[in-house]
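Peer 1: The primary structure of each chain is shown beneath.
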Amino acid sequence: MDKYTLLALAIFIPLLSAFLCYTFNKPWVRNTVVFVTALIMFAVAGGFVYYLIHSGGKIEISLESLHLPFDVGFIFKLFDFLLLAYIADIGMKHKKPLIVFLSVLQAVALLVFELVGSVKEPHVVFVIDYLSLIMLLLVSVIGPMITIFATGYMKEHEHHQHLEKSRQPRFFAILFIFLSAMNALVMTNNLSWMLFFWEVTTLCSFLLISHDGNEKAVKNGLRALWINMLGGLAFVFAIIVIYNALGTLSLEELLRNRMVSAGLLPVGLGLLCFAGFTKSAQFPFQSWLLGAMVAPTPVSALLHSSTMVKAGVYLIVRIAPVFSGTTLGTMVAVAGAFTFVGASAIAISQSNGKRVLAYSTIANLGLIVCCAGIGSYVALGAAVLLMIFHAISKALLFLCVGTIELEIGSRDIEDMQGLFKKMPFTTVIAVIGMISMLLPPFGVLLTKWLALEAAVKLPLVLICIIIGSAFTLVFWSKWIGIILTLSFHAKYKMEKLPVAMSATMAVLVLAVIFTGVDISMIFNAVVAPFLTESLKGLPETVLNGTNGLWLVSESGRMVGGFSSFYFFMILFLLFLLYPYIFRSSKAELWKPPYLCGANTEEDFKGLEFNAPADTVEHVIVHNYYFAGAFGEANITPWANFIAGAIIMIMFGVVI
Amino acid sequence: MDIVILKDILTVAATIILAPIIGGLLTGIDRKITARMQSRSGPPILQPFYDLIKLLGKERLIVNQTQMMFALGHLFFAVAALAMFMLGQDLLMILFIMAFSSIMLIMGAMSVRSPYSKIGAQREIVQIMAYEPVLILMVVGIFLSTGSFMIRPLFSDMFSFGKPLLYDLPLVFIAFIYVLTIKLRKSPFDFSTSHHGHQELIKGITTEFSGPQLAVIELTHWYELVLFLGLITMFFARPVWIGIGIALICYFCEIVIDNISARMTWKWMLQATWIVGIGVAMTNIIWLYLK
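Chains A and B supply the protein sequences, listed in that same order.
First residue of the first sequence? That's 1 in my numbering, and the numbers climb one at a time after it.
First residue of the second sequence? That's 656 in my numbering, and the numbers climb one at a time after it.
Only chain A is shown next, with the shape it has when bound in the complex:
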C-alpha cells in the first residue's frame, strides 16, 4: 500500500460507511458495516505508523502528485459555501439570528478574501508528521471503538425512547462523517481546507447533540453551533491575517517562522488560538460542552475524548512552537491554567456524574492548552502525552457512566452507592479509569507532574496548576469512594451487557493499563520525534524515556524523573495478593458497621439501627459537595468574566 491509498482510505472509508449506514436500515447490515469499518480504520492507522517510521518521520503529498482531473481547491470552496448556507438555514429554521449572522459574516469574509487578489494555494496539501500520527491513532482507534459500543448502546437507548421508526441510520452516518472530517483535519497542510473540515466537525456536533430531537437537545445543540461558529469566524480572520503576513496558507511554512513581537503574524496566531479555545470549550466557552451531555452517551464519549475538543488543542499544540516563549505564549498558558483551576473547582460541587466528567475534560484541555502556551520541550511533551492519555481514559469513563445510566436509570453520583454489588464488571473498569485520571503511576498524573515541573518559571500559571490539581484530587476521590462502597453482606450479581459494550470497555481498559505501563515506549516512539522536530536547536531541559520519564537539563544533569515502569510492576505483584485476602475472610467474622446504636435484627445491609424510644432509624450518608464555596452558579459568572479578560489581554499584547 502506498501513501495515497492510505490517505484515501483514512478519509473515504468512513464516508462510504456513512453512506451505507444511511441507506440500509437493517441492524445486521449496520453492525457489519460498523465492525468492518473499525477493522479497516485500525489497519489504516497501523499502516500510517509503519509508513511514517519508514519514510523518515514525514509524509508529504502534493496536489500535482494526486493527478486529479478537476480543481479540488475550487470544489472545497464550493463545499465551504454550501456548508455555511446549510448552517444559516439551520439558524433560520430555529429562529436564531446569531447563527445566521455568523455564517453570513464568515461567507462574506471568505468571499472578499478570495476575490481581492488571487490566493495562492499551497503546493503540498497533506503533511503527516508525528503529531498528526498521534491524532490519527486517537481518531481511528478510539473513534471506531466508540461506534462499536454505540451499536449496542443505541439499541437500548431507542428501546427506552419508544420511537416509531429507528433514527439510527442518521446517527451512525453522522458519526462516520465526523470521523472522516477529523482524519482529514489532522492531516491537511492547507489552512483553508482545515477550516472546511473544522466547520464540518462543528456541524456534525450540532447534529449529534440535537439527535434526540427534544427541546433541550435542540437548544443545547444550537448553543454548541453558535459558539463554534464564533470560533470558525476567528479562524477565517486568522487565515486572512496570516495570508497577508506571510503570503501563504501552508501550515508547514507557517511553522518555519519564529514569532516576532510586531506585525500581523501574532494577531493571526492569537485568532487561531481563539478558535482553538472555542472548540476545546475553554472558559468562557465551556457551556456548549456541558450542554452536549443531553446527547446519547457515544456522542459525549466521542466529543470528549478523541474528536472535536481534541481538534482545538491539536491546532494550538501545532502552532505552539511558533509562539513558544513569547508574551502571547504566556497568555495562552495563563488562559489554559485558569480554565484548569476553574473547571476543577466547579467539578467538586457537581453530583451529576456526566457533568463531573465534562468539567474534568474542560480542566484537562485547559492543562493541555496551558502546556502548549508554555511551549518548552517538557511542556509540549506533557501536552501531547496528556492528549493521548486523556483521550483513552475519558472515552472509557464516558462509556462506563453511560452503561451505568442504562442499568440504574440515573447519572447521579449519590445513586451509585454500592454499585459494585449490582455491576461488578463495569465498576471495576470505571474505578481503573478514574484511578488512571488521578493517581501515579498512570499517564495522566505523570503529565500533570511534568506540567508542574515545566511551569516552575511562570508563578501565576504554577499556582493555578497547583490549586487545580488539589481540586482534582477531591472530586475524583469522592466519586471513587462512593462507587466502591459495599453493603454489609453484599450479594454480587454479574450484570448482563451486550457484547459490543462490554468488549469495548474491556479493550479500552486494557489500553489504559498498557499505555500507562509503557509510557516510555510511547514517548520514545511518537512524542520525542515530534518534539525534536518542532523545537529544533533550542538548548533546554529535555525528556528521556527509560522505564519512565526523566528530565535532563542542558548540562546533562538529571533534574527530575520517575521510573513508572518498575512502580507498575510492584503494583501488579501487590494485586496478586488480593484473591488471597478476599478468600481468607470468613463469613462468621463479618460484622455490621457501627451506627450509633444497636443494628436492627433483620438488618442485612447495615443501614438501620434501633434509636431511643424503640424507633428504627435509617442511615443515609452523602458526600460533601461544598455548594456554597464551589457552586456552579457562584463561580461560573466570575470565571467567565476573568477568562474573558485574559483573552482580551491576550489580544491586547499582540496587536
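To be clear, the hints were calculated from the coordinates, so they are not data collected in a lab.
The model shown is predicted, which means the values in this text are computed figures rather than measured ones.
Any given hint could be a false lead.
Going by beta-carbon spacing under 10 Å, a handful of chain B positions derived as facing chain A [to be verified]: (1) GLN720; (2) PHE751; (3) ILE761; (4) ILE774; (5) VAL794; (6) VAL795; (7) LEU799; (8) LYS818; (9) LEU821; (10) SER865; (11) LEU869; (12) VAL911; (13) ILE915; (14) ILE941.
Beta carbons: idealized from backbone N, C-alpha and C, even for Gly.
Keeping the supplied structure of chain A fixed, place chain B upon it in accordance with the hints.
Peer 2: Below, chain B alone, put in the same frame as chain A:
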C-alpha cells in the same frame, strides 16, 4: 554500577526495617510527653509496639472484604514514598505517592456504609485539599533553590558543613511546619479522626477498621512520621545530624501545639491553611524569582 544498585537495595531494606522502629519509639515518646503535660504518668515508651502486636493477634473482624486491601495499599505507598525519599528521587513524585497513600485510606473508610467513617473520609479529603498545594509549593521552592527536583540523599554528607536549604526558604519552612500539624493529625486539625472514641466523630476515618487492619494503619503512621521528620531534616541537612536534631525539636513543638489547642472546624482550617500557608510560601517563592 552494580555497587550502586546494591547500595540502593541496602538503603531500601534498612529503611523498611528501621523506619517503623524509629516511628514507633517516637510515638511512644509522644504519648509519654503528652501524658506528662496532662499530669498523668503515661504508658511505657514501648507501649506502641505492645499495641501493634496485640492488634495483629486480634480476631479478624471485617465489615467487607476490601478493607484490608485498602489498608495494605495505604501502607505500601507510604513505604514507597519513604524509600524514594531515602534514595533521593523526584520530590514532587514522592508527594504524589504520599497522596496516593492517603487516598487509599480514604477509599477504605468510604467502602463501608458507616456514617462516622464516611464523614471522617470526607474531612480527610478536605485536609488533603488544604495541605497539598503548600507541599507542592515547598517542592517548587526547593527547585528554585537547588535547580533540581531530585533531592540529595539524606545521608550523602554526614559531617561536611554547607549552606542549608533553610537559608533560601525560611518562609516555605514555616508553611511546611504549619501543614505538618495537619498531616500528623494533631490538634487543632485532628477532625478527620480523634484519639478518643467518645466524641461526635467516634474514631472518624478509622472507625470501621479493627485488629490487623488497624495494626497496618498504625504501622503506616510510623512510616509517615519518619518521612515527615526526614523532610524537616532536609532543610538543614548539611551536616545531617543538625537536621535530625532540629526535626526532633519541631516534633516536640507539634506535641505542645497538640496539647494546648482545641479542634477547629474544617472550614476554618481550609481558609487558614490557604491564606497563611499558600500566602507565606508564595511570598518566599516570589523573592526567589526576583533574586
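Peer 1: Given B:GLN720 as an interface hint, is its Cβ closer than 10 Å to any Cβ of chain A?
Peer 2: 5 Å, holds
Peer 1: Grab the minimum C-beta distance from B:VAL795 to chain A and call the hint holds if it beats 10 Å, violated otherwise.
Peer 2: Status holds, d = 6 Å.
Peer 1: For the restraint on B:ILE915, tell me whether the closest CB of chain A is nearer than 10 Å.
Peer 2: At about 29 Å, which exceeds the 10 Å cut-off, the nearest Cβ of chain A leaves the hint on B:ILE915 violated.
Peer 1: Return the status of the interface hint for B:PHE751: holds when the least beta-carbon distance to chain A is below 10 Å, violated otherwise.
Peer 2: Nearest chain A Cβ about 5 Å off; hint holds.
Peer 1: With a cut-off of 10 Å, does the beta carbon of B:VAL911 approach a beta carbon of chain A closely enough for the hint to hold?
Peer 2: 29 Å, violated
Peer 1: Is the shortest C-beta separation between B:ILE774 and chain A less than 10 Å?
Peer 2: 7 Å, holds
Peer 1: Hint B:VAL794 vs chain A: min CB-CB distance below 10 Å?
Peer 2: 8 Å, holds
Peer 1: Go through the hint on B:LEU799 and say holds or violated, using the shortest Cβ distance to chain A against 10 Å.
Peer 2: 7 Å, holds
Peer 1: Any CB of chain A closer than 10 Å to the CB of B:ILE761?
Peer 2: 6 Å, holds
Peer 1: Min Cβ distance, B:LYS818 to chain A: is it shorter than 10 Å?
Peer 2: Since chain A brings no Cβ nearer than about 19 Å to B:LYS818, farther than 10 Å, the hint is violated.
Peer 1: At a threshold of 10 Å, is the proposed contact between B:LEU869 and chain A supported by beta-carbon distances?
Peer 2: 14 Å, violated
Peer 1: Grab the minimum C-beta distance from B:LEU821 to chain A and call the hint holds if it beats 10 Å, violated otherwise.
Peer 2: Check failed: Cβ of B:LEU821 comes no nearer than 20 Å to chain A, outside 10 Å.
The structure fails hints 8, 9, 11, 12 and 13 (numbered hints given earlier, in ascending order).
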